[in-house]
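Chain residues, written in single-letter form:
There are 4 protein chains.
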Amino acid sequence: MVGYDTHKDEVLKRLRRIEGQVRGLHRMVEEDTYCIDVLTQVSAATKALQAVALSLLDDHLAHCVADAARQGGEVADAKVKEASDAIARLVRS
Amino acid sequence: MVGYDTHKDEVLKRLRRIEGQVRGLHRMVEEDTYCIDVLTQVSAATKALQAVALSLLDDHLAHCVADAARQGGEVADAKVKEASDAIARLVRS
Amino acid sequence: MVGYDTHKDEVLKRLRRIEGQVRGLHRMVEEDTYCIDVLTQVSAATKALQAVALSLLDDHLAHCVADAARQGGEVADAKVKEASDAIARLVRS
Amino acid sequence: MVGYDTHKDEVLKRLRRIEGQVRGLHRMVEEDTYCIDVLTQVSAATKALQAVALSLLDDHLAHCVADAARQGGEVADAKVKEASDAIARLVRS
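Protein chains in written order, with my numbering: chain H, 245 to 337; chain C, 245 to 337; chain S, 245 to 337; chain V, 245 to 337.
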């Protein structure tokens, strides 16, 4: 079972909305929309993607990492290391 | 004429690719892909969106802002202020 | 005991170095250093601060959050919520 | 003359304050302050550094880049390229 199991529908809905935002960006560029207005929408889509990432991460910590911590040992260490690496990628993206 | 005029096809191609990445994310979540693997793809899509933003901004500075600077006066000041605000939104997103 | 206990000396050393970087920035501005060179150093200091944050977070997950997960119940939930909020602040800063 | 000439005192004051924030972080770690409280302060210092960067960039566009645009030719292109690179470093840091 994945960490986001209980929020799956919500995550799918958000991703559908972001797909629509990116399609909207394509249309804006096709119609020669003013650069700054395109940029504002790119920032909005980026923020929406980050919100999905934070929600997935939250569920991952609450379920996958917490379960591993209860098992302890190397499994727990590996899960924490893996989560930390994902957080680092997120902070740097 | 918009700042990204000479790179329009490239921007459209990139946006199409990002739309595909987001659709891929939707499929991954539907198929219960492991959280960390979904997160890695979210980071990749976020980075791709930022690259589009930086390319749009580059063109905007080189054309729209530079043109306004040559006109000088209030037009120039307004364009710089507008670009600075867009950069701030980008840095904070 | 705090999560970063075993890395305390390293964290302190890093913070001392960042303090030096910020003092260097002050001197650069005082001496009218070219904007772009100042900006390059601001980016370096920002990256160094983020690296400290990621290291603190790693230790926090490995110790404080993992310990709470083993206790389970509300304590565990509260720790995960608190860590998620800190990660969100980090991603958005 | 540097772009931030008219805001020099303000930039220096902000940098002094950030130096104090980093020194405060050092003290917090020395005194074994709880990880999350340290992280909150790291996020605050990071945000303050970014605000300095955005202010330097704003002045740089309004003065150095605008001046170069008025000269036109290769000088203008080089200045825009240089500014775009600095913005990219900022967005990615």
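Worth double-checking, as some hints may not be accurate.
Remember, identical chains collapse to one label, so a pair may be satisfied in a single copy or spanning two.
[To be verified] Here are the simulated SDA-like cross-link-like pairs (lysine to any residue), alpha carbons at most 20 Å apart as the crow flies:
#1 Lys-325 <-> Asp-281
#2 Lys-252 <-> Val-335
#3 Lys-252 <-> Gln-294
#4 Lys-252 <-> Ile-280
It should be emphasised that the hints constitute simulated quantities derived from the structure, not laboratory data.
Identical-chain pair category, Lys-252 with Val-335, by Cα at 20 Å: Neither, since 23 Å and 22 Å both go past 20 Å.
Intra- versus inter-subunit Cα pairing at 20 Å for Lys-252 with Gln-294: For Lys-252 and Gln-294, only the intra-copy Cα distance (16 Å) is at most 20 Å; the inter-copy one is 26 Å.
Homo-oligomer pair classification [Asp-281, Lys-325; C-alpha up to 20 Å]: between (40 Å within a copy, 14 Å between copies)
Alpha-carbon proximity between Lys-252 and Ile-280, which holds within one copy, between copies, both or neither at 20 Å: between (34 Å within a copy, 15 Å between copies)
Hint compliance for this structure: hint 2 is the single one not met.
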